[in-house]
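Asks: Spelled out from the first residue to the last, the chains are:
Protein chains: 2
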Amino acid sequence: MQQVNLTLEQGKELAFNCLISNGCDDANAEATAENMITAERDGCSSHGLFRLPGYVISLKNGKINGRAAPVIKKSASSILRIDGKRGMAPLAHTIGKKAIIERVHDQGVVIAAFVNIFHMAALWLDVEPLADEGFTAITMTTSRSFVAPAGSSKPLFGTNPMAFAWPRANELPMVFDQATSVLARGEVQIAARDGLELPEGVGLDVRGCLTNNPESILEGALLPFGGYKGSAIALMIELLAGGLIGQPFSPEISALSNGDGGPEPGGQLLIALDPDRFGDQKGWRHHCEVLFAKMKSYPGVRLPGQRRQSNRDRIIKEGFQIPENLHKELLKLAEKVD
Amino acid sequence: MQQVNLTLEQGKELAFNCLISNGCDDANAEATAENMITAERDGCSSHGLFRLPGYVISLKNGKINGRAAPVIKKSASSILRIDGKRGMAPLAHTIGKKAIIERVHDQGVVIAAFVNIFHMAALWLDVEPLADEGFTAITMTTSRSFVAPAGSSKPLFGTNPMAFAWPRANELPMVFDQATSVLARGEVQIAARDGLELPEGVGLDVRGCLTNNPESILEGALLPFGGYKGSAIALMIELLAGGLIGQPFSPEISALSNGDGGPEPGGQLLIALDPDRFGDQKGWRHHCEVLFAKMKSYPGVRLPGQRRQSNRDRIIKEGFQIPENLHKELLKLAEKVD
Chain A
0 MQQVNLTLEQ
10 GKELAFNCLI
20 SNGCDDANAE
30 ATAENMITAE
40 RDGCSSHGLF
50 RLPGYVISLK
60 NGKINGRAAP
70 VIKKSASSIL
80 RIDGKRGMAP
90 LAHTIGKKAI
100 IERVHDQGVV
110 IAAFVNIFHM
120 AALWLDVEPL
130 ADEGFTAITM
140 TTSRSFVAPA
150 GSSKPLFGTN
160 PMAFAWPRAN
170 ELPMVFDQAT
180 SVLARGEVQI
190 AARDGLELPE
200 GVGLDVRGCL
210 TNNPESILEG
220 ALLPFGGYKG
230 SAIALMIELL
240 AGGLIGQPFS
250 PEISALSNGD
260 GGPEPGGQLL
270 IALDPDRFGD
280 QKGWRHHCEV
290 LFAKMKSYPG
300 VRLPGQRRQS
310 NRDRIIKEGF
320 QIPENLHKEL
330 LKLAEKVD
Chain B
0 MQQVNLTLEQ
10 GKELAFNCLI
20 SNGCDDANAE
30 ATAENMITAE
40 RDGCSSHGLF
50 RLPGYVISLK
60 NGKINGRAAP
70 VIKKSASSIL
80 RIDGKRGMAP
90 LAHTIGKKAI
100 IERVHDQGVV
110 IAAFVNIFHM
120 AALWLDVEPL
130 ADEGFTAITM
140 TTSRSFVAPA
150 GSSKPLFGTN
160 PMAFAWPRAN
170 ELPMVFDQAT
180 SVLARGEVQI
190 AARDGLELPE
200 GVGLDVRGCL
210 TNNPESILEG
220 ALLPFGGYKG
230 SAIALMIELL
240 AGGLIGQPFS
250 PEISALSNGD
260 GGPEPGGQLL
270 IALDPDRFGD
280 QKGWRHHCEV
290 LFAKMKSYPG
300 VRLPGQRRQS
310 NRDRIIKEGF
320 QIPENLHKEL
330 LKLAEKVD
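For the record, the sequence lines run as chains A and B.
Per numbering that gives the first Met the number 0, residue 0 is the first one in the first sequence, and the count goes up by one each step.
Per numbering that gives the first Met the number 0, residue 0 is the first one in the second sequence, and the count goes up by one each step.
None of these hints come from the bench; they were simulated from the model.
Check before you lean on any hint, since a few could be wrong.
[As the list claims (entries may be wrong)] Not close to chain B: a few residues of chain A, all C-beta gaps over 12 Å, as computed: (1) Q9; (2) S20; (3) S44; (4) I56; (5) T135; (6) K153; (7) N169; (8) D176; (9) D193; (10) T210; (11) G225; (12) N257; (13) G266; (14) A333.
[Unchecked claim] List of simulated lysine-lysine pairs, BS3-like, C-alpha gap at most 27 Å: (15) B:K84 / A:K153; (16) B:K97 / A:K73; (17) B:K11 / B:K84; (18) B:K84 / A:K281; (19) A:K84 / B:K281; (20) B:K295 / A:K281; (21) A:K96 / B:K331; (22) B:K11 / A:K73; (23) A:K73 / B:K281; (24) A:K281 / B:K72; (25) B:K59 / A:K72; (26) B:K73 / A:K97; (27) A:K293 / B:K97; (28) A:K153 / B:K293.
[Unchecked claim] So the derived list for chain A, only partly shown, Cβ under 8 Å to chain B, looks like this: (29) F49; (30) Q177; (31) I244; (32) F277; (33) Y297.
All C-beta atoms in this analysis are idealised placements derived from N, C-alpha and C, irrespective of residue type, glycine included.
My request is simple: use the sequences and hints to build the entire structure.
Replies: Printed below as a string of structure tokens:
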């Protein structure tokens, strides 16, 4: 496939224009464009401009509000409820982040409930900036019914990703972001598109049999990572990012979905903690670096997230590539519709 | 092996007497005996009286303080630091629980850092009582270096268990408690004792090769559940239950260990949240029951923890069994040493 090379600035401008031309105000377009371009910056093209046509479809059909103005409510000293007002998740996070940082500085901990947002962005983008501030953060969200609970062969849970970030001394934060399915659904879709077989254990066909065929898995069910243990974590995420904060569970999101390929509504829970407030203010940074150094001394071991971060310098300098047909589509979507 | 049947009352009295005869004050003996007997009540004998000789060894050799008086410090509105003063974890939890419940009622959230405790109790015992109060709770702790990080064949992480409890309407809480290794180390030890083979994927021998032999795995390394994803969770637990709260990482605990078979020192993090404070006060109980009902309608699926809870009524009525040689040992340990 022909590729087009873009600088991060060019990519962001293109994304911004697409969003503005399709019903977003400046704040929503800026936050969502910045989110996708930050994913591209780290070589994570599956959460980059690739997502833009999906956002545009849902903006056009009125599923999401491109002019949503998120509202933040403090329900207790350490609890924030950030209502996205049926807009795209990135603006709720951009606005919420400031409030979260202020509260964590003040209280040492924040539990933030993001509600009424439409999410299809990478979760690590929501926690790494908090680790840049010196905090540790965990976040999780539901998706749609794609994953069979342990013991079953029918989808129930979402792929329910969880991301975690830890602040480091003189290094980029340690960050992981992982679905609770063996593979993220996007990876299975890409294998289907490219006609590849998957290793055994990723998913089941509609009859409930293990299969290597990605198309059969997309019709059937993904499996949770690590069997019943990953299944328990998927359930925990349903309860914390759904039940706890009054947002739909993955099967409810599936039932509500218009299937337009755009982001889906749902909730997201974020926990941010300031290690300076937990008793080892002088020592924790050095102490944790000793663990990281020990890990890296083990042959074959790397810290989660390092591959992504190692792309950063190169892409900032050289730009990134998108398929030519996606580029053409985006140029068309960016044209002003009057 | 000959078994001896005990009522829960008899078991608790025996445990209490063993602890008192070996250096515990009433409060420590009561909390630790109650902890082990609650495990027996749910048929979890691996965390029941089976653990008692280990506690006694460490009491006798002075590793743990049987007269420790835990101290609670409130570091912020929602942060408690519960210092076990080098005593056994159960008393820190018994005392800490009251403070946690009070704080969660007040603030909707508590992050509790348990420090300077010696832990070898079941973690679900620390979260189920909070769900009985209507809260959800997560807890995690480190252990010793038994688990190879993804990509490696040498142990680094602990088996680092995580437990989660969710309060239910008119039902016992939903509770899970799982090591981040494929199998808990105790399960591998029991297989070694009984001369059984393990399924592939549980662990590696000292040369780094997959093996079904439990003794070879005990000399080599356990594997994290779900490959690199479980490995990332094990790392997160090292950071949150160790680095965040100024407590040793699993390899540091290994280095400090006197290898006496008793509990090891370390930290534990507990997060408790009141769902009433997160925006769906009227609806969350019913909403979550809909999800549980849907799960249970799937053939082959059961809620985590149900097997354990189903033992409860029977054991309360009929008592529980321990091996005759353990019973003899405990009777001897319970004799007053003047």
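Asks: For every hint, state whether the structure bears it out.
Replies: Quick rundown of the hints versus the structure:
With 12 Å as the threshold on Cβ separation, the claim that Q9 (chain A) sits away from chain B holds: the shortest Cβ distance comes to roughly 34 Å. The beta carbon of S20 (chain A) sits about 35 Å from the closest Cβ of chain B, which is more than 12 Å, so the claim that it is off the interface holds. Against the 12 Å criterion, S44 (chain A) stays outside the reach of chain B, whose nearest CB is about 21 Å from its own CB. The beta carbon of I56 (chain A) sits about 29 Å from the closest Cβ of chain B, which is more than 12 Å, so the claim that it is off the interface holds.
Non-interface status of T135 (chain A) relative to chain B is broken: a Cβ of that chain comes within 12 Å, the nearest being about 7 Å off. Under the 12 Å C-beta cut-off, the non-interface status given to K153 (chain A) relative to chain B is violated; the minimum distance is some 6 Å. With a least CB separation of 16 Å from chain B, N169 (chain A) remains clear of the 12 Å interface cut-off, as annotated. Interface exclusion of D176 (chain A) from chain B breaks down, the closest Cβ pair being 9 Å apart, not more than 12 Å.
In this structure D193 (chain A) is separated from chain B by more than 12 Å, as the shortest Cβ-Cβ distance comes to about 22 Å. Under the 12 Å C-beta cut-off, the non-interface status given to T210 (chain A) relative to chain B holds; the minimum distance is some 18 Å. With a closest Cβ-Cβ approach of about 3 Å to chain B, G225 (chain A) is found to fall inside the 12 Å limit, against its non-interface label. Non-interface status of N257 (chain A) relative to chain B is upheld: no Cβ of that chain comes within 12 Å, the nearest being about 22 Å off.
A beta-carbon of chain B comes within 12 Å of the beta-carbon of G266 (chain A); the shortest separation is about 9 Å. Non-interface call for A333 (chain A) relative to chain B: holds, since the shortest CB-CB distance, roughly 37 Å, exceeds 12 Å. Note on K84 (chain B) and K153 (chain A): the hinted pairing is violated, with a Cα-Cα distance of about 49 Å set against a maximum of 27 Å. With a C-alpha separation of about 26 Å, the suggested pairing of K97 (chain B) with K73 (chain A) holds against the 27 Å cut-off.
A C-alpha spacing of about 24 Å is found between K11 (chain B) and K84 (chain B), which places the hinted pair at or below 27 Å, so the restraint holds. Straight-line distance between C-alpha atoms of K84 (chain B) and K281 (chain A) comes to about 21 Å, which keeps the hinted pair within the 27 Å bound. At most 27 Å may separate the alpha-carbon atoms for a hinted pair to count; K84 (chain A) and K281 (chain B) meet this at roughly 21 Å. A C-alpha spacing of about 49 Å is found between K295 (chain B) and K281 (chain A), which places the hinted pair above 27 Å, so the restraint is violated.
For the suggested pair K96 (chain A) and K331 (chain B), the alpha carbons sit about 60 Å apart, so the restraint of at most 27 Å is broken. The hinted pair formed by K11 (chain B) and K73 (chain A) fails the criterion: a straight-line CA distance of about 46 Å is larger than 27 Å. Proposed proximity of K73 (chain A) and K281 (chain B) is supported: the alpha carbons are some 19 Å apart, at most 27 Å. For the given pair, K281 (chain A) sits about 18 Å from K72 (chain B) by alpha-carbon distance, which is consistent with the 27 Å threshold.
For the hint linking K59 (chain B) to K72 (chain A), the alpha-carbon distance of about 54 Å lies beyond 27 Å, and the restraint is violated. A C-alpha spacing of about 26 Å is found between K73 (chain B) and K97 (chain A), which places the hinted pair at or below 27 Å, so the restraint holds. Taking the CA atoms of K293 (chain A) and K97 (chain B), the gap is near 38 Å; set against the 27 Å cutoff, the hint is violated. Our distance criterion of 27 Å between C-alpha atoms is met by K153 (chain A) and K293 (chain B), whose separation comes to about 12 Å.
Evaluation of the F49 (chain A) hint against chain B yields a violated restraint, the C-beta minimum of about 23 Å exceeding 8 Å. Look at Q177 (chain A): its Cβ gets to within about 5 Å of chain B, closer than 8 Å, so that hint holds up. Among the interface hints, the one on I244 (chain A) holds; its C-beta lies about 5 Å from the nearest C-beta in chain B, closer than the 8 Å criterion. Taken as an interface hint, F277 (chain A) checks out: its beta carbon lies about 5 Å from the nearest beta carbon of chain B, inside 8 Å.
Contact between Y297 (chain A) and chain B, as hinted, is supported at the beta carbon level, the nearest pair being about 4 Å apart and thus within 8 Å.
When the structure is compared with the earlier hints, violations turn up for hints 5, 6, 8, 11, 13, 15, 20, 21, 22, 25, 27, 29 and for no others.
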